[in-house]
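Chains as they are written, first to last, in my numbering: chain A, 503 to 638; chain B, 503 to 638; chain C, 503 to 638; chain D, 503 to 638; chain E, 503 to 638; chain F, 503 to 638.
Keep in mind the hints are simulated off the structure, nothing from the lab. You may find that some hints are simply not true.
For identical chains, the list gives no copy identity; a pair is met inside one copy or between any two copies.
Here are the simulated SDA-like cross-link-like pairs (lysine to any residue), alpha carbons at most 20 Å apart as the crow flies [to be verified]:
1) 558 to 507
2) 599 to 633
3) 599 to 561
4) 558 to 594
Each chain, letter by letter, is given below.
Number of protein chains: 6
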Amino acid sequence: MATVRLWTDAEAEAAPRVQAVFADIRAVRGSDFINNFWRGLANDPATLERTWNSLKEVMVAPSALDPLTKELIYIAVSVASGCSYCIHSHTAAARAKGLTDAQYGDLLAVIGMASETNRLVTALGIPVDPEFDVTG
Amino acid sequence: MATVRLWTDAEAEAAPRVQAVFADIRAVRGSDFINNFWRGLANDPATLERTWNSLKEVMVAPSALDPLTKELIYIAVSVASGCSYCIHSHTAAARAKGLTDAQYGDLLAVIGMASETNRLVTALGIPVDPEFDVTG
Amino acid sequence: MATVRLWTDAEAEAAPRVQAVFADIRAVRGSDFINNFWRGLANDPATLERTWNSLKEVMVAPSALDPLTKELIYIAVSVASGCSYCIHSHTAAARAKGLTDAQYGDLLAVIGMASETNRLVTALGIPVDPEFDVTG
Amino acid sequence: MATVRLWTDAEAEAAPRVQAVFADIRAVRGSDFINNFWRGLANDPATLERTWNSLKEVMVAPSALDPLTKELIYIAVSVASGCSYCIHSHTAAARAKGLTDAQYGDLLAVIGMASETNRLVTALGIPVDPEFDVTG
Amino acid sequence: MATVRLWTDAEAEAAPRVQAVFADIRAVRGSDFINNFWRGLANDPATLERTWNSLKEVMVAPSALDPLTKELIYIAVSVASGCSYCIHSHTAAARAKGLTDAQYGDLLAVIGMASETNRLVTALGIPVDPEFDVTG
Amino acid sequence: MATVRLWTDAEAEAAPRVQAVFADIRAVRGSDFINNFWRGLANDPATLERTWNSLKEVMVAPSALDPLTKELIYIAVSVASGCSYCIHSHTAAARAKGLTDAQYGDLLAVIGMASETNRLVTALGIPVDPEFDVTG
């Protein structure tokens, strides 16, 4: 099920802007595999380019957090958003970056714990302690 | 604004089960400060005890992920759930555990990026690639 | 903070459609108090009327679930949606209908538990057991 | 589709901590059926144990709300979280506890109504009436 | 997978209230096709009638926004709620009302952009500028 | 309340990257007013730049949807995400672009209607009709 066509490699080859992004994904990842997300975004080259460029800047370029930690954050957001595709693709990505079973168990436990306390806090309407305010 | 009374220290002292949890929070954290969440939960001692015991087990006990990484995951879930209190309290906790400005910038960037791609994937109804399935 | 003006009684009196709904709210509830939700909806009489009529049909008319149970379901949805106003107004309504402290503690515990398992299930991508499918 | 392996009975038998939880689930429910959620959680025995123990305490032990009411609250949260698995399993559980078609119709109507008014309130930014504040 | 039976035309013909709604849907849309949503709602005639009547009033009757714009808003809400069925049905409806590929690309871009900034704002706890407040 | 400092104009003037973005916002909007969102993002110049550049490309540059329609989609997403700040700022932006009271009433009605049917569909687990699938 999808609301758009998923582009095949043959179709991408006939569309220079799409082909350029697909080639860059392959080069950056060192793999021939292009997952369905990019094949769906190919229907709108401008969004395909902007999304891939942002993803490279945020997730691939060296930064203050290591790549595995960023994948864990990505999974946490995807779980809370209920995005099954994102959960599957980024859990696979985290495993490829070295996620152990024990770390994955921890990730689940924190996501579950945070979800529970989020709802308790919301139900109780707890006011923010002034100690947590930065604006003074 | 709150849907329940926030217990003062004096009130807690008169309720042994609440007082025991407050004392343990202070001992574990090495601080006299009890934030509003626990003061609100005090209205239901059973939930107060279960929540604090789970939080200790998940967030405080040594485990496969370091304490700062667990706080980042907690913040990510809280942002996606829209829990303002949780965001404020766990951002403060992360800073107390050494979160730098650069790491915080990264955290924001990943949360924003994941939120955008979550919605794009959902809008397009992208099917999960068989490569991401573990049950296969 | 609001994106619209909250209508005063004097303003409502000058607008027959708004005034008719306000009068019906007062008659049905047996109270002169009109909460801010209706004062905000008054800016669009068609939505004010449709919303009040639906609410009466769903929440006030006798039905298969008792009024307090319906308020608990309403609160649960409002917590999960993160609607602070709705949580405050329906928690007050539930208390007016006899919600005890012990029942409220139970409500919180179930909301928290469900939120935690919801996220665990989502993170794990658990497939629905065929035993739970009605379509056969 | 799942991000983890679903444990078979044979695999559980070889892992004492998992086997103990599975045996307790069967004893408490008086049924041999173990649904997929527990088979997925089995990958992390600590989370399996903590989750089952909390669920027993919240959903099975006698408390101030009757078992069917607690299932309705669980379904409402699961619908608002968009957890398809949870909706299917707890709707089946509610039916097993006596949910009638008329009560189910009511449940749907309240969930729909609350979802609509939640969004209207949020869109309008309605401020909480002081009458609903408990902290005074 | 569903939690209820999806009514066939033959079953609807034997239930006058359901049959009346199905006939009206066909007349209003000028098509014999009844999509699964209505076949599922048929299990509760009161909710079927109320939902169809509201949908006609909001989405079909002439109003201040044109039909295509209303479908785009509907899709945006459905994406943010993570309702896959709603996304598929309303994307099909929008296309039937003339949605072009370029407009669809724009819709996706705005939904993605809004989702990203929503989370950034929430993470930072940005206070509303007084310039945006209507209540003065 | 905020988790970060909101930059004043004086502080921005001392930071060239921040100052350049603030100057561009003023030039593009033809107004001296910089709202709090950008003052909060200023703490991380890279995210400030990327977010503003994306926003210009998506919301300001001429495209297939008119500016007011894009604001309505933005508001719909923000309501569903529960982002109060975003709702207030984009409702003000929509009004500045000509949103009438009648159009705003329509927007609310569609958001409310979609939210209600989203939850009904999710609760019932309605399967997508094959007629809505593009992948064939």
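Here is how each hint holds up against the structure:
no.	hint	verdict
1	558 to 507	neither (24 Å within a copy, 28 Å between copies)
2	599 to 633	between (37 Å within a copy, 16 Å between copies)
3	599 to 561	within (12 Å within a copy, 23 Å between copies)
4	558 to 594	within (18 Å within a copy, 29 Å between copies)
Hint 1 from the earlier list is the only one contradicted by this structure; the remaining hints agree with it.
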